[in-house]
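Engineer: What follows is the residue order along each chain.
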Amino acid sequence: MFVSGWRRLALGGVVALTAQVNAAPEDDLAALRSFYEKRFPDIALEAHIDGAYALDEGKREQWLEMEDFPPYEIAIDEGAELFEEALADGSSYSDCLGDDAPVVKQNYPYFDETTGQVMTLDLAINNCRVAAGDEAWDYLGPEMAALTAFIAYESRDEEVAVEIPDDPRALAAYEDGKAFYYTRRGQLNFACSHCHMTMVGNKLRAERLSATLGHTTHWPVYRLKWKETGPLHRRFMECNSQVRGVPLEPQSVSYRNLEYFLSYQSNGLVLNGPATRK
Amino acid sequence: MKHPLALLGMVSALTLSSMAWAGASADEVEDLLARAAAAHEQALALEHGWAVTEPFMEQARQALADGNVDAAHELAQRALLTAEKSVAQAQSEAEAWKGRVLGS
Numbered sequence: 001m002f003v004s005g006w007r008r009l010a011l012g013g014v015v016a017l018t019a020q021v022n023a024a025p026e027d028d029l030a031a032l033r034s035f036y037e038k039r040f041p042d043i044a045l046e047a048h049i050d051g052a053y054a055l056d057e058g059k060r061e062q063w064l065e066m067e068d069f070p071p072y073e074i075a076i077d078e079g080a081e082l083f084e085e086a087l088a089d090g091s092s093y094s095d096c097l098g099d100d101a102p103v104v105k106q107n108y109p110y111f112d113e114t115t116g117q118v119m120t121l122d123l124a125i126n127n128c129r130v131a132a133g134d135e136a137w138d139y140l141g142p143e144m145a146a147l148t149a150f151i152a153y154e155s156r157d158e159e160v161a162v163e164i165p166d167d168p169r170a171l172a173a174y175e176d177g178k179a180f181y182y183t184r185r186g187q188l189n190f191a192c193s194h195c196h197m198t199m200v201g202n203k204l205r206a207e208r209l210s211a212t213l214g215h216t217t218h219w220p221v222y223r224l225k226w227k228e229t230g231p232l233h234r235r236f237m238e239c240n241s242q243v244r245g246v247p248l249e250p251q252s253v254s255y256r257n258l259e260y261f262l263s264y265q266s267n268g269l270v271l272n273g274p275a276t277r278k
Numbered sequence: 001m002k003h004p005l006a007l008l009g010m011v012s013a014l015t016l017s018s019m020a021w022a023g024a025s026a027d028e029v030e031d032l033l034a035r036a037a038a039a040h041e042q043a044l045a046l047e048h049g050w051a052v053t054e055p056f057m058e059q060a061r062q063a064l065a066d067g068n069v070d071a072a073h074e075l076a077q078r079a080l081l082t083a084e085k086s087v088a089q090a091q092s093e094a095e096a097w098k099g100r101v102l103g104s
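Quick note, the sequences are listed as chains A and B, same order. For the first sequence, the numbering used here gives the first residue as 1, with consecutive numbering after it. For the second sequence, the numbering used here gives the first residue as 1, with consecutive numbering after it.
Hints are not guaranteed to be accurate.
Pairwise CB distance ranges (calculated) [unchecked claim]: (1) B/G67 <-> A/M66: 50 to 60 Å; (2) B/L81 <-> A/D100: 50 to 60 Å; (3) B/A45 <-> A/S241: 16 to 26 Å.
It should be emphasised that the hints constitute simulated quantities derived from the structure, not laboratory data. Each residue gets a CB set at the ideal place from its N, CA and C atoms; glycine is no exception.
Please put together the full structure from these sequences, using the hints given.
Structural biologist: This is the structure in structure tokens:
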């Protein structure tokens, strides 16, 4: 549906060979869904947007109480103010992010044919700032968290609809993210898939391991552990560190490709950010 | 007369290697650290760095600075081992991940 064209790329043997080793994105998506359906026959696929709280009744109760007075509300309010502030050249974020802004989260990540790279919302925001003569924000800092929290909030209930355009570079970015997901890293020698697929639903220390499906729908997240709202890539860094690997830079090419792969798997789910997590 | 000579050779080889064990030189530590750093750089470039490598190198340098050459030697060896393992992980995972893909 999204990428029915890519397999028919006129690249002949090369693509055919890759397609044998690597399934098409839509096949990945179907396989992932059926995996979680079989693993959790009583849990609707859509429920995974709540992560571990979809799998643990007790923790869900606590979490719902927390969501009554969501700690990310401050970030949303600050983000709303930042959104209204003019950029250095007098332009606005709407001018840069499009007429629908702030309801634009559903448009990211996408493959940017001009740069040949994956464009995320955070990167787009910094590009807007730099183009207008402002300084780029720290990707792990409070301003980026606030503005993305506001945009996520305004974009709630929009559907994830990541496309892999008919461009071999887009497919390569997706495949790179997929490789990252399945690759063992760190001294503990774990891949993302070991924890979030093979061991999904089990407890790791005090935490219930969530499904990969829905992993990208609810960012940024206020984490009790962080005591602040932070981005998806900070969670990637933490999951890399957890297995005693050296984390990558937020918004590095590999993390953006990973986000591209993961977001595609959540196609059709609704956006529900920002959210609260332990 | 061949036999005793060979034995003598063996004994001196043993003595040499046990000397290396008992008392590592600062140069050896530096050499190990340089190799560890190079392997770690390679692992980082492959996005497969291990978090333990850097602290081992740091501790080895500290021990060396404190004049504790034997401890420094052991730490530098550990740093080199983890750095080499992290590079090996990157190399074997370049193909191995494919076997984990759902439905493959």
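Engineer: Which constraints among the numbered hints does this structure fail? Numbers only, ascending.
Structural biologist: Of the numbered hints, all hold.
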